[in-house]
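Participant: Based on these hints, arrange chain B on the given structure of chain A.
Protein chains: 2
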Amino acid sequence: MTQITASARYDVCAVGNAIVDVLSPCDDAFLKAQSLTPGSMQLVDAGQSAALYDAMEAGVEASGGSAGNTVAGVGSFGGRAAYIGKVAEDVLGQVFTHDIRASGVHFDTPVLADGAATGFGTGRCLINVTPDGQRTMCTFLGAANQLSVEDIDTALIGDSAIVYLEGYLFDPAPARAAFEAAAAAAHAAGRKVAITLSDTFVVARWRAELLDFITASADIVLANEGELAALFETEDFDAAAAQLAAVVELAAVTRGEHGSVIINGDERVAVPAYPVDKVVDTTGAGDQYAAGFLLGVARGLPLEAAGRLGSLAASEVIAHWGPRPMVKLADLAAQNGLSV
Amino acid sequence: MTQITASARYDVCAVGNAIVDVLSPCDDAFLKAQSLTPGSMQLVDAGQSAALYDAMEAGVEASGGSAGNTVAGVGSFGGRAAYIGKVAEDVLGQVFTHDIRASGVHFDTPVLADGAATGFGTGRCLINVTPDGQRTMCTFLGAANQLSVEDIDTALIGDSAIVYLEGYLFDPAPARAAFEAAAAAAHAAGRKVAITLSDTFVVARWRAELLDFITASADIVLANEGELAALFETEDFDAAAAQLAAVVELAAVTRGEHGSVIINGDERVAVPAYPVDKVVDTTGAGDQYAAGFLLGVARGLPLEAAGRLGSLAASEVIAHWGPRPMVKLADLAAQNGLSV
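Taken in order, these protein sequences are the chains called A and B. Numbered according to this note's numbering, the first sequence spans residues 1 to 340. Numbered according to this note's numbering, the second sequence spans residues 341 to 680.
Since the hints were derived computationally from the structure, they do not count as laboratory data. Here the structure is a predicted model, which means the values were calculated and not measured. Heads up, some of the hints might be wrong.
Listed below are several chain B residues computed to face chain A (Cβ distance under 7 angstroms; list not exhaustive) [to be verified]:
1) ASP368
2) GLU397
3) ALA402
4) VAL431
5) SER443
6) ALA659
7) MET666
8) ALA670
9) ASP671
10) LEU672
Where a beta carbon is used, it is the ideal one built from N, C-alpha and C, also for glycine.
With the rest of the complex left out, here is chain A (with noise of 0.2 angstroms):
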């Protein structure tokens, strides 16, 4: 891996489905009864979210989105982070905004005016969460499906370390085009490239349109060992880490409770994972690891520091409802002897 050498003002900056989540508790029956896959994310409109919310138990509800998760991370350990994201001018939109903003993270994309007006309030995500912990995601996209080009700002990319993309905004075609020039304003100022796969689902979707984009585009890649896996068609995690290191110069592949490993030309570093009491809620897990991992690449940390960064930043969010640290992460850090 190259370092990162250029001064940037922000570590990393995430441009990403500005959400709000709705998380719930709920059996095995009520996902088969919903007809929803365990584990997976998918879209539905205002009218299949708003079906499937009178149907949910009563629950808690926390700024989310994946890519606004892992930068209200990085600000949590004390990095700077910025956010390019979109949502309504409504308590949601102001939910969202607050948050990440307490979270010490740079955010102002242009709020979309008339959402009211034109029916797209703020995102919302539906998370039913199993007594394992494991979490089933319905999304209405609302104002996050309005971002455009018009909302990269190119000067904060290029400000940035490194700029963080969702694979989830390879999903709404207007988000996709933004997406490309978020990776084209990054590197041309010099900055890296990362994205994170998000879902299975999404790597089916978009599998050729993803690895293209990997292959022309991304410096560094986030990944369950899931995503992996149906990205190169194959559940033989060291061929297809093989095959991942071909194309892009760094990666880090999450393995649930037995921590990840980081990819790295022809180096693999095994990283445990904290011990976690009780798995509440694993939603988020993977977005507080990228942020731990992310901060510990743009600061330069060996990178089996940065996988702990990650580790550590995962196990604060699984313990509890919701997406993002409840506790410092910087704080939670220095408990464990771990530097950022």
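Facilitator: Chain B in isolation, oriented as in the chain A frame:
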């Protein structure tokens, strides 16, 4: 305690301030900087609410309101519960309505129709939680403040074994009238009237009025030891308990980690707290104790059994963020060998 004999459609019908909570971590220095008294609840106006929210850390949102939390707990135990309270026609109102109904609670108080136009959005409570789990609350009542006598469904109350009233309702004048009307409707139907003292500062503000109300109209009082001390202006628990026993048929006083004491004439029943690995957020502890206790009383359980249901529900809610159960309390009771 006279047994509740006449059959009723609902075990508990609560009247309260319908509010959505915003919960964020904070430290003691933050409370000091914001001039907030640790552990208190104070009313704030829209401007104060917005200014405090701006200063708060990122957090989570969850349906709240003391009596709303209690009936959600009753519903989670499998009890039959109803709720009367006022929300506006906005996203937070939808969240409140969804959550309380999803907990199995009957709720059909007319929504404040022109909420957006009048500026009375759904009420919200900003809750700052210190690392020891203690919560400090600032409530903007919003639409909840518009609850009036016309909202009191006397048929619903007449068909409920216990009507449960928040001491918090003593603060807004129209709600106070609703409060009195609800108590009158319950007694007219031969039902029991329960009240929680809610907060030490509420007791201090309305001490004489609360004492008059309890003496004239309440059959059951819920309180914590601080509120009991404030009501009788003495730190002598036994003396205060005796004074309470002289004016009310039945009472339960919670004592944090020391459990609770049930007061029934000359009888005192000490009920232990259930152990909790880590206290995360005490918001809703008293409300969930009330849920178990009132349901037990409505069902004619022995007082100690009713208290144990309360202790169990409180132990669940303080182990996570938010004021309502995130598991089915009916299942939790069964796992702990308690019958409802």
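Participant: Flag every earlier hint the structure violates by its number, smallest first.
Facilitator: Violated hints (numbers, rising): 1, 6, 8, 9 and 10; every other hint is consistent with the structure.
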